[in-house]
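Spelled out, the chains give:
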Amino acid sequence: MNIKNEPEAVRRREALKDRIEQLRRMIEIRAVEERIQALFSEGHIRGSTHLANGQEAVAVGIAKEINFRDVVTCTYRGHSHALALGASPESIIGEICGRSIGCARGIGGSMHLMAPEVGLLPTFAIVGAGIPVACGAALAAKVKKTGAIAVAIFGDGATNIGAFHESLNFASIKKLPVIFICENNLYGEYTPIQLSTPIENIAIRGSSYGIEGRIVDGQDIDAVATSISDAAQKAREGEGPTLLEMKTYRFSGHSRSDPATYRPPGELENWLKKDPIKLFSSNLIKENLASLELLEQIKIEVTRKVEKATQKVLASSEPLESEILNHVYENAETKL
Amino acid sequence: MKLRMRQAVQKALDDSLASDENVIILGEDIGAAGGAFKATEGLMEKYGSLRVMDTPISEMGFLGAGVGAAIMGLKPVVEMMFIEFVGVALDQLTTQAATMRYLSRGKFSVPLVMRASASAGQGFGCQHSQTLDHWFRGTPGLKVVMPSGSRSAYGLLRAAIEDPDPVIVLEPRILYGVREEFDVDENYRQPLGKAEIIRNGEDVTLVTAGAMTSIAKAAAEICPAKIEIIDLLSIWPWDSKTIFESARKTGRIVTLEESQAASGWGGDIISKVLEQGLDFLKAPPHRITLPDAPIPYNGKLEAKYLPSPNYVSKQIAALVSTNVAPKNWWNEKL
Ligand SMILES: Cc1ncc(C[n+]2csc(CCOP(=O)(O)OP(=O)(O)O)c2C)c(N)n1
Ligand SMILES: [Mg+2]
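Protein sequence lines correspond, in order, to chains A and B. Heads up, the first sequence is in my numbering, so the first residue is 193 and it goes up one at a time. Heads up, the second sequence is in my numbering, so the first residue is 36 and it goes up one at a time.
Keep in mind that the hints were calculated from the coordinates and are not lab data. The model shown is predicted, which means the values in this text are computed figures rather than measured ones. Wrong hints could be hidden among the right ones.
Under the rule of at most 20 Å between Cα atoms (straight-line distance), these lysine to any residue pairs were calculated in the SDA-like manner [as the list claims (entries may be wrong)]:
#, chain 1, residue 1, chain 2, residue 2
1, B, Lys335, A, Ile293
2, A, Lys470, A, Phe443
3, B, Lys339, A, His236
4, A, Lys497, A, Gln229
5, B, Lys335, A, Ala507
6, A, Lys337, A, Asn259
7, B, Lys73, A, Pro451
One chain only, chain B, in its complex shape (with noise of 0.2 Å):
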């Protein structure tokens, strides 16, 4: 069957909801009006307004309260509508979530989930169009995934919101009204730390995640280099065995994130990736990124911003021809 990501969202809360008594949801507008981007529909009606519950414009109260309430047991998974509004409540997150286990010796854990969409490419401008898991995947005691269409994205909340440790999840919110087939399983869980070889190839390990997978495909189709794609899934902890023998298999490594380049998680598999040696590598590792630079509105500038499958394709052939790392284009005269 054919789902749509924001089904996939709404089908593994459901399901989860009702598999176990103490999930709740938290967030915006998520119940009566069913969600920003309606992958809440219908689960206020079915579970009532305490299980799934519209909270004010109190980010750091609700998700705080998300905190206390997993301390005690619940399984909260709180909402944020756009990856940003976490700014206002980070402190509950990266302080609080993060440190509760550590600090209690093992006493307490937050079993909680923090869903968020994020990701560029439809003109909400520079404060709504981030991806900023590096907020959280530098910080010891979070974890941080991100879905790639409707399979992953109900196997990794299912499996995050099952998972005894905080997990944000960062759907790219560009996928949400995309299709792809997808059979629902309740059994199915994408699990935490594992990546998935998506497409096999020789000449080269392509290293992707989020939206970028799809990039990733279409670049793969058109590139006279022979391609395998990893879609890492989960952002941290990251799979690196997956990820080093398909670069030993290839001798090269290249990552396509949609991150700015000073602050993707390209650059701690590359720096893992080169701690193990360079005797297999053939060329050197090379990373496609966002520029350092904040988000344009205006449509011609966001996708020259944003990596396209041409773009790919042409970094990932050079590289493969020429064993020498090519200029990323905010190094070519614009």
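Just chain A, with the same shape it has in the complex (with noise of 0.2 Å):
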């Protein structure tokens, strides 16, 4: 591993204890996703991009309760994690739209963000890949004593591959400090959960390899919160791994241009009266930590800063050719 601590996203990962921060950065996963599809239409992004608006609130969640130095791993649906955890939106927009100020310089693509220096390894765009790399972190972590934990975040229908099951196993048996966080949103591709999968909780899984399994409120941050707190506690204490079903729902299609006409009617429109920001925003009125006037400042401030994010990656340079030859390997040279 060689990472040098950036402070930008450090500091603004550190920023999440507040819970005005909060909002704003589910505010900001939403905008940078909301622009992300504008410039698929515009033709600046290649392949296909997939967004998490309404799990706003289980990536903010996740990354204000774990800790800059602990390791995460996640999907290709993870644009909001990235931004969550403290990556930049020019270095998210920017590697999606293949430049190099992304933050893989544009090699990755929107399925393959990072930010290294807050714990986020390069996404994984095979289904059930990064869980048991996440135990390989916790298993780092017990060995040279950190004190840090990992986490795997998968899908729904993750938990249908091999991996999901090897890993938990894995973990249990060895008591490694991870916490495993299933962002079930209903549908793998186009496929409904309840076709693909027997049963409706997947936090049951966790019972036949000795992990206590719990169901949250995918779409309430404070409920995601004070899983991760508890989860990441026990992982601390040595007390090994817990499986989150976080029960959340995508607005947006699986990916590109998917219309998702598979939905049910009426289905989307109820999710939609569960979006994670108007839920906070409206606790935050109701604790007086926030009024409808800061709620109108933050939105204005938000779409400003991407934006802007979005003008400065346009902009900005597409890679030298030379980088399709380097890091293959540290030290040998890929010419024949």
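Combine the two chains into a complex, taking the hints into account.
Now the structure itself:
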């Protein structure tokens, strides 16, 4: 591992201690996702891109409760997590647009974001692949006694992959300091969960591995945070892994221009009522921490910030051709 | 009739399901959704959800089930949405399916087809753009084929489904939407193990496959050398007769592969040509490949990474005019 602390991402991470900043980050994630959708339609983004709007409370709830030295593995649906963990909008939008200011200098793309300085490994585009890797990071923390934990973030569909089951068993028997976080958004690509998975609650899958499984309202950032805090404490105290099932929903289709016509009528509308940003906003108002004016102001500031980042990205350079051959190995040249 | 490759694949599956009740197809989102690339559209409605089955995201499970069903006499066609996904299931193919006939001393066979989308060029990044034929090509017991358009996609898939052994069909993803003139003839088969000469020329034999076939054709249009193009179609086993005859005629052989240099099929072909003796070669054999690096996302870099018609034409023109193998771009200063 070769990480130099970048104060900006760490500062963004530490800022999440503040409740208003948590809300601001959720709004920022939403704004970035919406901008990415537009950039995709405008032809600035190649391949595929997987949005996580609707799932912001999970991302920010995790990020605010774990340490920036903890390790996170996550999927292609990772824009939200990268931003929550501390990556800047321009490093994320830049990567997705394939520019050299992107977090992987435009080499990775939408499915391979990273923020090494705050623990996010390049995100995994193979379903389930990050789960055993998180166990390995937890094992390293245990061997090196760093006190860090690892977090694996994956979808409901990923719990039908062998790697999920092998990892839970391994982590449990070795009491690894890892948290398994399933973002159950009710779909794997175009297939509703009930057609691929014969149980409603993924959380029960923990029991066959002797792991506590907990169902969490993924639209409620405070519920997410409490569950993470408990699981993190347990992991740090050497009590082993927890499986957290975040009940959530993606407001967009699976990827790109998927119009999600497979949704039953009314389902999206019902979930929109549980928009995590709206829920958290009204809670903050009830707690007298925010006013409507403040919310309005945050929205304006965030929009401006995301727009500025976007313009910076669009004006920025593409990566150099020499990047193609760099970093395949530490020392060896690829030239034959 | 002009047919997109995805329609040709769909038609080959449709005709196979109709003509043999033992044919079933399995894969993620192939049924209700019609496939991630729409190559299975309408088949579940037509043949029911038992013969055209949506699976959970469990590649090891459903590919392995394909192996077992094949042993018991079905002819499963398993779809891997992207070839990389077979990584989580590889044992079932390379270690189980590949050895079943051998271990059972011919008592069991695995007439399984695994179709997968493969190849680069669309900005899917390094975990969704590989071809990976070399994962299978070196495994005795498996066959590997790669269509280059609608006609070969239809003919190869039908032949693969009828073949008594496990066949991997690597469909270049970038071709799914490309139209090719092809009047579907239900009796049309592209025999496994046979290559096709798709352009005649005297100066040099260019062996290629998959998406690179159209690059080769475009290169031949602009290259001063007269290029004979062979569309390999079957990556393994490959058609040594057609290739050797052409190489003897032209005296020069070049392979154009969408594989990294260290793992491409061209290495095997070239070494066999060399084993034939050098007497007929006027120039050293040459391979045009990808560099030994993963595939970059950025469009400009991905375009550089993949052989272009211009690059291929220049490489071949240099070889033919000097009889010295040209350098690959990654050996030049970037
Ligand atoms: C091993 C593997 N199989 C299939 C895919 C294709 N694929 C990408 S995302 C996806 C759905 C995953 O669903 P889920 O785990 O619920 O995560 P979500 O996309 O809903 O966040 C599939 C099937 C893949 N990337 N890797
Ligand atoms: Mg899901």
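request  = Quickly compare the C-alpha distance for Lys497/A and Gln229/A to 20 Å and report which way the hint goes.
outcome  = Holds, at about 17 Å.
ask   = Are Lys335/B and Ile293/A close enough, with their CA atoms no more than 20 Å apart?
value = Holds, at roughly 15 Å.
query = If you draw a straight line from the CA of Lys339/B to the CA of His236/A, is it 20 Å or shorter?
reply = holds, 18 Å
inquiry  = Against the 20 Å threshold, does the CA-CA distance of Lys335/B and Ala507/A hold or violate the hint?
reply    = Given that 20 Å is the threshold and the Cα spacing comes to 16 Å, the pair holds.
Given pair status - Phe443/A, Lys470/A, alpha carbons within 20 Å = holds, 14 Å
query = Does Pro451/A lie within 20 Å of Lys73/B when you go C-alpha to C-alpha?
reply = This hinted pair holds, its Cα atoms lying about 15 Å apart.
request  = Would you mind confirming whether the straight-line C-alpha gap from Lys337/A to Asn259/A stays at or under 20 Å?
outcome  = holds, 15 Å
Consistency note: the structure conflicts with none of the earlier hints.
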